[in-house]
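Engineer: Here are the chains, one letter per residue:
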Amino acid sequence: MTNENLIQYIYGIADNSLILGQRLGELCGHGPTLETDIATTNISLDLFGQVRSYFQYLAELSKEELTEDDLAFLRKEREYKNVLLVEQPNTDFAYIIVRQYFFDVFHFMLLEKLQDSKNVNLQAIAKKSIKEVAYHQRFSGDWLLRLGDGTEESKKKVQQAVNDLWVFTDELFHVTKDDEAVIKSGHGVDVRLLKDDYYTKLTNQLKQATLEVPETKYFQKGGKQGIHSEHMGYILAEMQYMQRAYPDMKW
Amino acid sequence: MENQEKMNDEKLKSLEAIFEAKIANDEKIEPKDWMPEKYRKTHIRQISQHAHSEIVGMLPEGNWITRAPSLRRKVALLAKVQDEAGHGLYLYSACETLGISREEMYEQLHSGKAKYSSIFNYPTLTWADMGAIGWLVDGAAIINQVPLCNTSFGPYARAMVRVCKEESFHQRQGYEIMMTLCNGTQEQKDMAQDALNRWWWPSLMMFGPTDDESTHTEQSMKWKLKRKTNDELRQQFIDQTVPQADILGLTVPDPDLKYNNDTGHYNFGKIDWDEFWQVVKGHGMCNKERVSARKNAWDNGKWVRDAAVAYAEKKSDKEEVRKAV
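For the protein sequence lines, the chains are P and H, in the order given. Each residue of the first sequence is one higher than the last, beginning at 1 in the working numbering. Each residue of the second sequence is one higher than the last, beginning at 1 in the working numbering.
Treat the hints as calculated values from the structure; they're not laboratory data. Wrong hints could be hidden among the right ones.
Unchecked claim - Calculated lysine-lysine pairs in the DSS-like style (CA-CA distance at most 25 Å, straight line):
(1) H:K302 with P:K156
(2) H:K302 with P:K155
(3) P:K155 with H:K295
(4) H:K314 with P:K207
(5) H:K41 with P:K156
(6) H:K41 with H:K115
(7) H:K318 with P:K207
(8) H:K314 with P:K155
Claimed, not checked - Not everything, but these chain P residues come out facing chain H in the computed CB check (under 8 Å):
(9) L45
(10) F48
(11) P89
(12) N90
(13) D116
(14) F139
(15) L145
(16) S154
(17) Y241
(18) Y246
Note that the Cβ used here is the ideal one computed from N, Cα and C, for glycine as well.
Turn these sequences into a full structure, and let the hints steer you where they fit.
Structural biologist: Below is the structure:
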């Protein structure tokens, strides 16, 4: 495993939290209740906290003099390695919840295994983060039940979100060449091994929510290679605005 | 019949006497205690207005979450806006104890019947506005709110203790943003000065009309909803804030501002009360956006709230069935 393999592997994890945190940050003050508003903001905060831990570690690994903010705000779109799922827009509360649940289940499983990484930094971040993610998963899982088994309208909306976002789930289990090297060295998690459990868990939860499990065989991919959806450019334009408009300043 | 009326009259007088005595002895009035109708109404008005201010106040700052210039600032801003949601939550809860539902309060906000702090009808145009709001707007809010920690209505007083602690943290955070800008490049310093120029006068207006124009002061003083007058609080804010601006190296945008050695206070220029009333009456830059953002959130969230209720009912039905079996 090279240093660069490890750096790319960590981007693959941290960028998910970064972009999902950014998406959730858009919602602040606009939620259906004050309580859900507080909860989604809280999840966003947790995710950015995790991002900072990963990026501070990445800055150490880097050969150049870089800060966590250089990594967060000054890369080109192709250099962000998040999955397509997390960049999907906040279409409505059903999409927000389904996107969250599909990610949280994966995120929890990943962190569970990452706690056993040979890399002590990743191990420590995973141990801290998994407590937060356990809460995220409970929040999104509970809301999935409420929306699925709530009213006719909510069922229709959440089923639509499930159908539309399902196509982004497969990518969570893709392994890049960098990942491969890091897994081999015992520093990374082989996410392929989590796939069956993930779909079993999703299927059970969807059934409990009286929802149908989509049967599509066609999935979307690309984020892990830095090939994103059209949404990504706008996310970055907003997120990077200050750093691009006022370069080299301290805030 | 006459006796009955006399009895009721006497009973009312004795309740009033107990209430007055509690207020005079600095004891708290609790939700279950008898209180005059006017006390209840005034408190509903003020506490709900305060809660609305917290919730509407999330919007101008929420406007910069996605564009915050660093991860540290982004996290701090998210946490701050989340604190405001929390303040809204306990203030709405305190208000609910007076016999009004949260839905009714929202309805009053959305219809324009209930007011919120006018300052949030000004736009946040640059990152420096996040600093200026923390420093000036939260600074002014603290001066208004600290006396409320001892107000007569128990749930309000207790909510305010927590609110004030967090607000003073926000104020320091805002000042620190300004400090960082003022120690930065010329461009950053200009941004800070521009923010001070735009937020200074609206912050002074946060203390409300001058004492001779203020209608609620006397009654509010008695109930400890107020301990100092609008003009006294405004002066306190100016005296406290001008030296802070000096430390930053920024110029307060008031050519008449001058320290008065005789009074020990700053003299200041004339506030543009026409602007104040324009914004209060709904014609500020962002009045429409702020209310419609809240209204949209509420309207678009209806199906979500309905689903949660329907789900809870189904669950409790199942629970009933399970118990019966």
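Engineer: All the hints need checking, so say for each whether the structure fits it.
Structural biologist: Structure-based check of all given hints:
Proximity of H:K302 to P:K156 is assessed by CA-CA distance (about 15 Å); at most 25 Å being required, the pair is judged to hold. Restraint check for H:K302 and P:K155: the C-alpha separation of about 14 Å stays at or below 25 Å, so the hint holds. In summary, the hint linking P:K155 to H:K295 is supported, as the alpha carbons are separated by about 24 Å, within the 25 Å threshold. Among the hinted pairs, H:K314 with P:K207 is consistent with the structure: their alpha-carbon atoms are about 16 Å apart, no more than 25 Å.
Note on H:K41 and P:K156: the hinted pairing is violated, with a Cα-Cα distance of about 43 Å set against a maximum of 25 Å. Pair hint H:K41 plus H:K115 holds up; C-alpha atoms about 14 Å apart against a cutoff of 25 Å. Proximity of H:K318 to P:K207 is assessed by CA-CA distance (about 17 Å); at most 25 Å being required, the pair is judged to hold. Restraint check for H:K314 and P:K155: the C-alpha separation of about 14 Å stays at or below 25 Å, so the hint holds.
A distance limit of 8 Å between C-beta atoms decides the matter here; for P:L45 the minimum to chain H is near 5 Å, and the interface restraint holds. The interface hint given for P:F48 is met, as the beta carbon of that residue sits about 5 Å from the closest beta carbon of chain H, less than 8 Å. The interface hint given for P:P89 is broken, as the beta carbon of that residue sits about 13 Å from the closest beta carbon of chain H, more than 8 Å. For the restraint placing P:N90 at the interface with chain H, the shortest Cβ-Cβ distance is roughly 11 Å, beyond the 8 Å limit, so the hint is violated.
Using the Cβ-Cβ criterion of 8 Å, the hint placing P:D116 at the interface with chain H is not satisfied: the shortest such distance is roughly 28 Å. For P:F139, the interface hint is violated, the least distance from its beta-carbon to any beta-carbon of chain H being 13 Å, above 8 Å. Hint on P:L145 holds. Least Cβ distance to chain H is approximately 7 Å, under the 8 Å limit. A hinted interface residue such as P:S154 counts as satisfied when its beta carbon comes closer than 8 Å to some beta carbon of chain H; here the least separation is about 3 Å, so the hint holds.
About 5 Å separates the beta-carbon of P:Y241 from the nearest beta-carbon of chain H, less than 8 Å, and the hint is met. About 6 Å separates the beta-carbon of P:Y246 from the nearest beta-carbon of chain H, less than 8 Å, and the hint is met.
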